[in-house]
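The hints should help you fit chain B onto chain A, whose structure is shown.
These protein sequence lines are chains A and B, in that order.
Residue numbers are given in full-length UniProt numbering: position 111 of the first sequence equals residue 111, and the series is strictly consecutive.
Residue numbers are given in full-length UniProt numbering: position 466 of the second sequence equals residue 466, and the series is strictly consecutive.
Because the hints were derived from the structure by calculation, they are not lab data.
It is possible that part of the hints are untrue.
Unchecked claim - Derived coverage of chain A by chain B (criterion: at least 3 residues anywhere in the stretch with Cβ under 8 Å from a Cβ of chain B; other residues may be distant):
hint, region
1, 7 to 19
2, 28 to 40
3, 50 to 56
4, 88 to 101
Backbone N, C-alpha and C define an ideal beta-carbon position, used for all residues, glycine too.
For reference, the chains in residue letters:
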Amino acid sequence: MKVEIVDWQAVASWHWDLKDDSITDELCGICRVAFDGTCPNCKYPGNECPLILGAGCQHNFHLHCILQWLEQDTSKGLCPMCRQVFEFRKDFNTVTKDINSLLMLIDGHKSMRDREVDEEFDSFDDDLRMND
Amino acid sequence: MISTDIINSIFPRDTLNDIETDLENDLALFLEWISFKPPLMDPSPRIRVAIKNVVNINNFNGYLHNSINNNFPDITITTIDETMMNIKQVYQFYSDIGKFLGLDISPIINYKFQILLEKPQFQHLLITYFDDNLLQFDDCLSPVSPKFNPPAGDKGLKGDTGDTFFYQYLPIFNQLNVGDNIMKIVVSVLIKKIKEYILNNCVNYELFFIDSINQWIKTMIYPNFKILLRSIDANFNYLSEILTISHNEFISLRINQIFDMVKAYPQSEPGLIELNKCLNFKNESHNQRDRLVSIFLDKIDSELLNSGINTINLIKMYIKIIKSFLIIDAKGVLLDKVIRPLRAYLKHRDDIIQKLVIGLIDDSSSNELIALNIELSKSEKRKLKIDEFSDLNWVPDPIDALPDFKNFKIKDIIESLISIFDSKEIFINEFTKFFGNKLINRSDNDISKILKLINLLKLRFGKNEFFNLDIMIQDILNSSPQLTVLSHLYWSDIIPESTGSVHEELNKEFAHFNKNFQKKSFNRYLKMIPELSKVTLKVNGKNYQVDMHHASVIMMFKDKEEVGLDEVVRELNMNEYNAGNVLKFWVEEGVLLKLGGVYVTND
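Excised from the complex, chain A in its bound form (with noise of 0.2 Å):
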């Protein structure tokens, strides 16, 4: 028989894709509102507001939340849930202002972090020319 599809009206959902199915956690570990839904900064969810994916650890969040943690000195670039240094994954393909602000943030604390593991270094070598 013949049957063609001459018109859609489609309803869908979106959702956050986390590119890793044994996710199970759906929740934004620093607002506790779920991945799909809307940060505690937003008024609605979506493109304004992606999920920002760990690539270090498996920890994801809201993009404003990962910020807001990110913009404190004492988070020293880490994960908040596992305290690994946090990276996450670049796959968009625009990078909008908070993106970028995230990318900065997270680099910042790279060459803070590097700094003081300098400093280390040289108050190690001033030591050692201390006792010679």
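This is chain B only, laid out in the frame that chain A set:
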């Protein structure tokens, strides 16, 4: 009948008979002369001598009083005319004796008439007389007027009435010094007349009456009373008192009608306005206010608070109570008192929220609570509520307000209904469900209408309460006619449970939507909701707009000529009942044929 002899034998008192002197003959003659045989005889010379002798007796005056007291004639009460003539005769007789003896015997005479006047029969006679004739006095000029001159010649009934009273009865009353008693009776008749007038003429609360009552008092009642009472009390001037009495009678009637009046609102507005006028007329209306409240509360309890009355009618009555009682008392104190039991009752009605929500939202004429929708549409013009502490126009609550009286909450119909419930959440949930369904089945026209309504509701319920609906609207605004994308967490009431899967070919087609969506949506992907989706199919040259399940079933016949029910159930994860219904639809459309246990295409 107790005779004087019997009384005397029990309470022996000295009378002129008891004086044992040589004057016995004189006394006998004197007593014979003063025994009641009107009119008083002119005494003969012998009697004159006897009188001369007896008056010198020690304490004669006292003996005389006692004698008159004991021998006073009974006055039978018949018609007013006869009775008054009778009284006149008795009075005349004894006052003649007094005059002849040169003694003041008025105390005993007045005392006897006082007793007569207080007899219920006589009171009744006077009340009936005034009741019948009262409104006919003003045709005659009162004798108080110096120019008193009865109308000559043309003496109708009215003129006669006045004449009879002023010429014949009034002088007697004046002589008896019983003006106060008469005044009391006249006033009681006045009140009776006013009551009758109000009950006979003013029952219809859809009309105004105060002016006509005032007019009636001023033209019919007051002139007659004035003419009558001025002849007794020259300073009589009680117009405002009489008006107050009549207003009180009038409110009394309206208070008894209060429940029906509220029910009849707005037709009963005249009655409510006049109730307000009269209740505020005088400060002493507290009793009446209390009576109004208690009568109304009793009625609410017996007429409204039972499960036989449907919720719509209860809400209608609630609105009428607010509107009516704000007319009666604009401060809302009475309203606050009468509305409480109904509020407590409505709170536990199962369907109240649903009915209120529909009432607020629906602007069609089929809305039985359209008053709520109209009220909501006025929200924009509503003055923003100023909080009590910074309001420069603040005034204290009225003294008879209950301690938790809330002025603004009580006066606004919507605010009043919302505040029945402790939380607004139940309303918001109902709105969300209602608008969610509307949005899913939308037309463009609907959306602007829905947005307008939601903005009005935000003014009432608070902006932030609607964040869920805001997201839903945003979803719809971001969608295209071909594809509606929902933020599923916020549509949980609308998205149904899955009732089956979708035919592979439809899924393939849908994948295009997904691909397009993903391009502009970071890492988001779409899941079709088959139960809400629709597709237009051309089957055998004819177009059908059906849901995904109907489409999926018919798609199965694309490559096969014959499909069994069990195959549909298995392939599309549908339950047998749903699958059977879908197949039945296509059979009824003539697209499929049912042959035994299988379905075949009907090309």
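Status of each hint after checking the structure:
Here the region 7 to 19 of chain A counts 12 residues with a CB under 8 Å from a CB of chain B, which clears the bar of 3, and the coverage holds. Note: the region 28 to 40 of chain A has 4 residues with beta-carbon separation from chain B under 8 Å; the three-residue rule is met and the coverage holds. Remark: the region 50 to 56 of chain A is confirmed as covered by chain B, as 3 of its residues place a Cβ nearer than 8 Å to a Cβ of that chain, reaching the required three. Interface restraint, the region 88 to 101 of chain A with chain B: holds (4 residues with C-beta to C-beta distance below 8 Å; minimum three).
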